[in-house]
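K.L.:
Could you build all of it, start to finish, from the sequences and the hints given here?
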Amino acid sequence: MTSDEARQLLGEVLGRIAPGTDLDEIDPTEPLSDELDLDSMDLLSMLGLLHERTGLEFPETDAPKLRTLDDAVEYLVLRSG
Amino acid sequence: MPSLGADMDEGTLVSWLVAVGDRVTRGDIVAVVQTEKSDIEVEVFETGQVAELLVEPGTTVEVGTPLARIDSGSTATTSRGPEPTPGSQSEARPVPRPVPAASPARRHAGRVLSPLVRRDARRLGVDLGRVRPAPDGTIHRDDIAAAAMPAARPTRRRVSPYARRLATERNIDVSTVPGTGPSSAVVARDVPGAAPAAAKRTVDPMRTAIARTMERSNREIPHYYLSHTVDMAATVEALAAHNDGRSPRDRVLLAALELRAVALAARKVDEMNGSWVDGTFVPGDGVHVATIVALRGGGLLAPVIRDADRLDADETMRSLGDVVERARRGALRSSELSGATITVTNLGEDGVEAIFGVIHPPQVAIVGFGGLVERPVVAQGRIVAHPTLTVTLAADHRATDGRIGGRFLARVAALLRSPERLL
Chain E
0 MTSDEARQLL
10 GEVLGRIAPG
20 TDLDEIDPTE
30 PLSDELDLDS
40 MDLLSMLGLL
50 HERTGLEFPE
60 TDAPKLRTLD
70 DAVEYLVLRS
80 G
Chain R
0 MPSLGADMDE
10 GTLVSWLVAV
20 GDRVTRGDIV
30 AVVQTEKSDI
40 EVEVFETGQV
50 AELLVEPGTT
60 VEVGTPLARI
70 DSGSTATTSR
80 GPEPTPGSQS
90 EARPVPRPVP
100 AASPARRHAG
110 RVLSPLVRRD
120 ARRLGVDLGR
130 VRPAPDGTIH
140 RDDIAAAAMP
150 AARPTRRRVS
160 PYARRLATER
170 NIDVSTVPGT
180 GPSSAVVARD
190 VPGAAPAAAK
200 RTVDPMRTAI
210 ARTMERSNRE
220 IPHYYLSHTV
230 DMAATVEALA
240 AHNDGRSPRD
250 RVLLAALELR
260 AVALAARKVD
270 EMNGSWVDGT
280 FVPGDGVHVA
290 TIVALRGGGL
300 LAPVIRDADR
310 LDADETMRSL
320 GDVVERARRG
330 ALRSSELSGA
340 TITVTNLGED
350 GVEAIFGVIH
360 PPQVAIVGFG
370 GLVERPVVAQ
380 GRIVAHPTLT
390 VTLAADHRAT
400 DGRIGGRFLA
410 RVAALLRSPE
420 RLL
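Chains as they are written, first to last, in numbering that gives the first Met the number 0: chain E, 0 to 80; chain R, 0 to 422.
Hints may be right or wrong, so weigh each one.
[Said to hold, decoys possible] In silico negatives: residues of chain R with every beta carbon more than 10 Å from chain E:
{"no.": "1", "residue": "Ala50"}
{"no.": "2", "residue": "Glu51"}
{"no.": "3", "residue": "Arg68"}
{"no.": "4", "residue": "Arg206"}
{"no.": "5", "residue": "Pro221"}
{"no.": "6", "residue": "Gly285"}
{"no.": "7", "residue": "Ala330"}
{"no.": "8", "residue": "Phe355"}
{"no.": "9", "residue": "His385"}
{"no.": "10", "residue": "Thr387"}
[Unchecked claim] Which stretches of chain E does chain R cover? Using the computed rule of at least three CB atoms under 8 Å from a CB of chain R, they are:
{"no.": "11", "stretch": "13-19"}
{"no.": "12", "stretch": "36-48"}
{"no.": "13", "stretch": "52-58"}
It should be emphasised that the hints constitute simulated quantities derived from the structure, not laboratory data.
On a predicted model such as this, the values are computed, not experimentally measured, just so you know.
Think of the CB as a built atom: it goes at the ideal place given N, C-alpha and C, for glycine as much as any other residue.
P.N.:
See the structure below:
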């Protein structure tokens, strides 16, 4: 997956969880939970949707690696091979 | 018109989903009602044939007003709200209601479909085999609308309650307003019309409804407050082990364990599980736990998970995830908005250490959970840092005294510390 594809995927997934989300308007270096007002339920839904779309496992221990938008994009690009 | 909350006096019928002559089964969704907080799908309590629709769409009626006549051999009405006691004001007594049978959802090739979803699919000409279900097999109305042929349009557009109210005030036909909200829903900002010159502050109906409940609670209920801080190291570890290797949809969140702890404690210390009605405590007919859900853009809903004490950890998590998602989507059912015997409020995510709730009348207790905070604790003679959690109880002093409240809270704390009993 390329960076752009990862961003696109995240945009779709986050758009389902927090309708009206525009990735261009959030600070990619700040935690997604702060930028989009996501709680643990939302974050778990995000992992669930990403898992469905990519087949990646997203173990709980990897959660800190998906904190910000930049982190999440990097994680997806690296893990998707 | 069912009562969908302690603060609700009236509701507006938005649309009928059945016609005279239709056969209905108890639990079928027959109408959509708009309250100040949300659109709710109303279930019918009788089985039989629709004899007469008594209220026109667009009409606002008081709670308790018959909405339709169902011919089931008896002269029962569609839904019974609590009848207002003669001579007194609008505080309606909660009548213990029979649990409506779950909507007879049928399986279609392994997918679970509610009657409403099947109806939508029929109306829009959608082949159910083409619709992608959620991982648990359910198909939602949104999925049907999305799969519908471009030419067809969903017959009911989502309009937020606030947008509807603004449109009415400004004499605008809301069906002509294009929506820019989620799934093309019409939201407040879509409704054209300048604000009145005398900059009147627009009233948010959701806020009004919440304000009324909070006012009433503090006016009528003498609250007492207890709190307890619990060492959560064992449970956090056990939860991580439980989730290890599970895909995201099968994982359990701490919030589900917290809810389960309250349900189990409420079953045992049942003086905290029920209602205060006419000067006396009425025990609940089961443990039905309401959980406060914060809505995006403000506001709260408190959907009820019935018989929460009978669900295991995974089932509790599934129920919780389901009602939270539907609460935020405005897709809760009438049976999910009343009948709570106790409430849980959870602000753990917001960096708050402890939250003392406001009891929702006619309940007699509300349990609050804060966030995990690393604190020094003594373990095996040494000082170590463990994640801890502050759990609080706000209780009605008319119904119980501190000793019982303390016993209840201690039980919740004990359960939180013993993951083998919760997981």
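K.L.:
Out of the numbered hints, which ones does the structure contradict?
P.N.:
none
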